[in-house]
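Participant: The chain contents come next:
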Amino acid sequence: MSSSKALVRQFLSDHFLLDAEAQRYADSDSFMARHLLDSMGFMELVAFLEEQFGIQVEDGEIVPANLDSLDAIDAFVTRKRSA
Amino acid sequence: MSHALLTPFFAQADAQPQRIALVIDGQRLSYATLRDRSIGFAKHLHAAGVAPGDRVALLLDNSEALVIGLLAVQAAGAVAMALHPLTRAEKLAGILQRTDAKALLTHQAFAPAWRDALARSPACFGWVEGLGHAEHNLHTWPTADELEKAVADRTMAIAMTSAEGEDALAFISHTSGTSGVPKGVMLSQRNLRWACDVVADYLGLHAEDRIGCALPLSFNYGLTHLFMALARGATLVLDRGFMFPAAVIDGWKKESVTMAPLVPTSLGMLLRHANFNAQNLPALRSVSNAAAALPAVFQEALAQRFPDMRLFSMYGQTECTRISFLPPEELAAHPRSVGRGLAGQTHWLEDEHGQRLSLGSSGQLLVCGPHVMLGYWGDAEETVRKISIDPLTNARTLRTGDLFRSELSGHLHFVARSDDIIKTRGEKVSPREVEDALLRLAGVRECAVIGIDDTLTGQAVHAFVVADPSAGLSERQVVRHCLSFLESYMAPKSVSFVDALPKTDTGKVLTRSLRAALP
Chain A
1 MSSSKALVRQ FLSDHFLLDA EAQRYADSDS FMARHLLDSM GFMELVAFLE EQFGIQVEDG
61 EIVPANLDSL DAIDAFVTRK RSA
Chain B
1 MSHALLTPFF AQADAQPQRI ALVIDGQRLS YATLRDRSIG FAKHLHAAGV APGDRVALLL
61 DNSEALVIGL LAVQAAGAVA MALHPLTRAE KLAGILQRTD AKALLTHQAF APAWRDALAR
121 SPACFGWVEG LGHAEHNLHT WPTADELEKA VADRTMAIAM TSAEGEDALA FISHTSGTSG
181 VPKGVMLSQR NLRWACDVVA DYLGLHAEDR IGCALPLSFN YGLTHLFMAL ARGATLVLDR
241 GFMFPAAVID GWKKESVTMA PLVPTSLGML LRHANFNAQN LPALRSVSNA AAALPAVFQE
301 ALAQRFPDMR LFSMYGQTEC TRISFLPPEE LAAHPRSVGR GLAGQTHWLE DEHGQRLSLG
361 SSGQLLVCGP HVMLGYWGDA EETVRKISID PLTNARTLRT GDLFRSELSG HLHFVARSDD
421 IIKTRGEKVS PREVEDALLR LAGVRECAVI GIDDTLTGQA VHAFVVADPS AGLSERQVVR
481 HCLSFLESYM APKSVSFVDA LPKTDTGKVL TRSLRAALP
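Protein sequence lines correspond, in order, to chains A and B. At position 49 of the first sequence the residue is numbered 49 (this note's numbering), and the sequence of numbers has no breaks. At position 25 of the second sequence the residue is numbered 25 (this note's numbering), and the sequence of numbers has no breaks.
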């Protein structure tokens with residue numbers, strides 16, 4: 001289990017104040033389908049990832065394939081850090 | 001059989017069956033397919049007992065299901081109530097109960113909201129997209145095949161017309177009000193049809209247009225674009241929202257979107273992306289803005305990115321759908337105006353004594369026209385406060401509750417709301433509704449909610465809380481509590497804990513003093 005997933009899970013729970021019910025999501029669950037984040041939420045998530053992992057997220061990278069689940073974020077962050 | 005909103009759509013389907021009506025989630029639905037699936041679903045609704053005039057709620061994201069659901073409810077002669085996807089269980093339960101809803105069309109993803117709400121409304125049954133197996137009072141969503149089979153089945157009839165014809169109730173649009181309980185705006189077929197025709201005319205909407213709509217269809221601003229597109233043979237390119245602006249921009253490029261309804265927050269998000277520009281989106285010729293005033297910096301940035309863009313600044317209320325638009329050619333001369341009303345409506349300003357004012361004054365805006373709502377569902381008192389009906393002509397006049405200034409030219413300028421509704425991200429937030437939610441948190445003795453200016457969202461919701469010291473409440477706890485009851489945009493962005501709320505002699509909270517005390 002990568003630590004980036006744990007960190008992001010913690011951030012989502014803390015920053016968006018998810019209740020116990022909302023916190024029960026799988027690493028592969030779509031944030032959009034679960035309505036965990038709205039448009040402002042994704043912007044704040046990007047800001048967090050940039051700060052936390054020292055990466056620069058380009059406009060075109062703000063897409064579901066990179067950000068819509070813990071698994072997607074983990075793969076994206078790993079890719080960006082090794083680039 | 002005729003229906004003010006469906007008849008033009010069906011005529012387009014007859015004339016150009018293969019024309020694309022809807023693009024959503026990678027699917028392209030032709031006019032004929034959309035018509036057939038909607039009629040098929042209407043037959044399912046009837047078979048299950050939905051009768052003309054029955055209220056049917058829809059809790060769905062922008063999707064094929066939502067579009068078909070809306071059209072099917074109309075085809076069944078029933079009343080559609082499209083709810084914001086972020087609606088929580090308690091609010092949903094209240095709406096189903098107050099409207100005595102017959103059915104709810106929804107998706108498995110919203111189970112936390114509808115399981116609870118349907119349990120409290122046992123007479124209301126559900127159609128749930130994504131539900132694996134039917135349960136008591138819950139149907140699985142019909143497949144495309146099942147819908148197409150239903151269309152062909154002549155033993156299943158639909159009854160889209162009633163004796164009331166165009167004056168039949170077609171929608172109840174719930175909107176936040178100062179009382180804390182959402183108000184159900186009742187709109188007839190004629191109300192919406194008239195507004196859609198006028199708006200489509202001034203936008204210059206024609207069959208070659210491709211409308212990029214990422215606003216929720218539960219919002220009348222979005223909903224009008226569905227019916228306008230279908231009436232004119234245009235294509236609606238639907239997105240769930242602006243969560244991923246790059247994806248929306250790419251989609252608009254691929255689909256050659258020609259016009260887009262926006263609110264300031266959405267435009268702000270699009271402008272942050274470098275490829276939101278005329279080179280990348282050459283087909284995009286007009287955008288409209290509503291729900292809140294467009295900041296001058298956004299207007300300037302838009303003009304820089306799209307030198308030939310036509311921007312329509314507009315103003316309206318759910319209670320009559322639209323009230324005014326500024327023709328783009330007048331933007332340079334009247335940059336902060338929302339225009340001079342709509343063709344076919346009359347409007348004027350009144351002072352606090354109800355006296356009509358001449359041009360060049362400031363006062364409350366009143367509007368009269370065929371688009372003015374029938375009233376608020378189940379709230380005769382509030383209805384009478386908001387609309388008046390001329391005994392001779394039956395014409396309905398709406399008191400907007402908004403303060404405007406008019407130029408001698410007739411150009412209108414929004415000044416302020418006369419109520420305390422907060423507008424954040426283009427959404428209405430009732431301070432009272434937030435306060436009611438706060439008071440349910442153990443340890444909150446008293447509270448007051450106000451809106452404070454915020455560059456990105458227009459206004460931000462701020463709560464003042466007088467807490468029981470022994471409860472040890474934190475800001476985060478307070479916000480989390482609100483999130484469990486309210487749509488996310490309604491939860492306070494920030495909280496101040498105070499020892500007491502400043503009040504008048506009669507016990508009314510002095511929000512002005514609270515506001516002044518903010519750092």
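Be aware that one or more of the hints could be misleading.
[Unchecked claim] Sample of chain B residues with no beta-carbon within 10 Å of chain A, all distances over it, derived:
| hint | residue |
| --- | --- |
| 1 | 14 |
| 2 | 159 |
| 3 | 247 |
| 4 | 269 |
| 5 | 274 |
| 6 | 285 |
| 7 | 292 |
| 8 | 483 |
| 9 | 519 |
[What the hints assert, rightly or not] The following label-pair restraints were derived from C-beta to C-beta distances:
| hint | chain 1 | residue 1 | chain 2 | residue 2 | range |
| --- | --- | --- | --- | --- | --- |
| 10 | B | 27 | A | 65 | 12 to 22 Å |
| 11 | B | 455 | A | 52 | 33 to 43 Å |
| 12 | B | 280 | A | 56 | 18 to 28 Å |
| 13 | A | 56 | B | 380 | 56 to 66 Å |
| 14 | A | 56 | B | 26 | 26 to 36 Å |
| 15 | B | 469 | A | 23 | 43 to 53 Å |
| 16 | B | 17 | A | 26 | 19 to 29 Å |
| 17 | A | 56 | B | 162 | 39 to 49 Å |
| 18 | A | 52 | B | 469 | 29 to 39 Å |
Hints in this document: simulated from the structure, not taken from any laboratory. We treat Cβ as the ideally placed atom computed from N, Cα and C, and that holds for glycine.
Participant: With reference to the structure, classify each hint as holding or not holding.
Facilitator: Structure-based check of all given hints:
{"no.": "1", "hint": "14", "in the structure": "37 Å, holds"}
{"no.": "2", "hint": "159", "in the structure": "35 Å, holds"}
{"no.": "3", "hint": "247", "in the structure": "5 Å, violated"}
{"no.": "4", "hint": "269", "in the structure": "6 Å, violated"}
{"no.": "5", "hint": "274", "in the structure": "6 Å, violated"}
{"no.": "6", "hint": "285", "in the structure": "23 Å, holds"}
{"no.": "7", "hint": "292", "in the structure": "15 Å, holds"}
{"no.": "8", "hint": "483", "in the structure": "6 Å, violated"}
{"no.": "9", "hint": "519", "in the structure": "22 Å, holds"}
{"no.": "10", "hint": "27(B) x 65(A): 12 to 22 Å", "in the structure": "19 Å, holds"}
{"no.": "11", "hint": "455(B) x 52(A): 33 to 43 Å", "in the structure": "25 Å, violated"}
{"no.": "12", "hint": "280(B) x 56(A): 18 to 28 Å", "in the structure": "21 Å, holds"}
{"no.": "13", "hint": "56(A) x 380(B): 56 to 66 Å", "in the structure": "58 Å, holds"}
{"no.": "14", "hint": "56(A) x 26(B): 26 to 36 Å", "in the structure": "30 Å, holds"}
{"no.": "15", "hint": "469(B) x 23(A): 43 to 53 Å", "in the structure": "29 Å, violated"}
{"no.": "16", "hint": "17(B) x 26(A): 19 to 29 Å", "in the structure": "43 Å, violated"}
{"no.": "17", "hint": "56(A) x 162(B): 39 to 49 Å", "in the structure": "60 Å, violated"}
{"no.": "18", "hint": "52(A) x 469(B): 29 to 39 Å", "in the structure": "35 Å, holds"}
Against the hints set out earlier in the document, violations occur for numbers 3, 4, 5, 8, 11, 15, 16 and 17.
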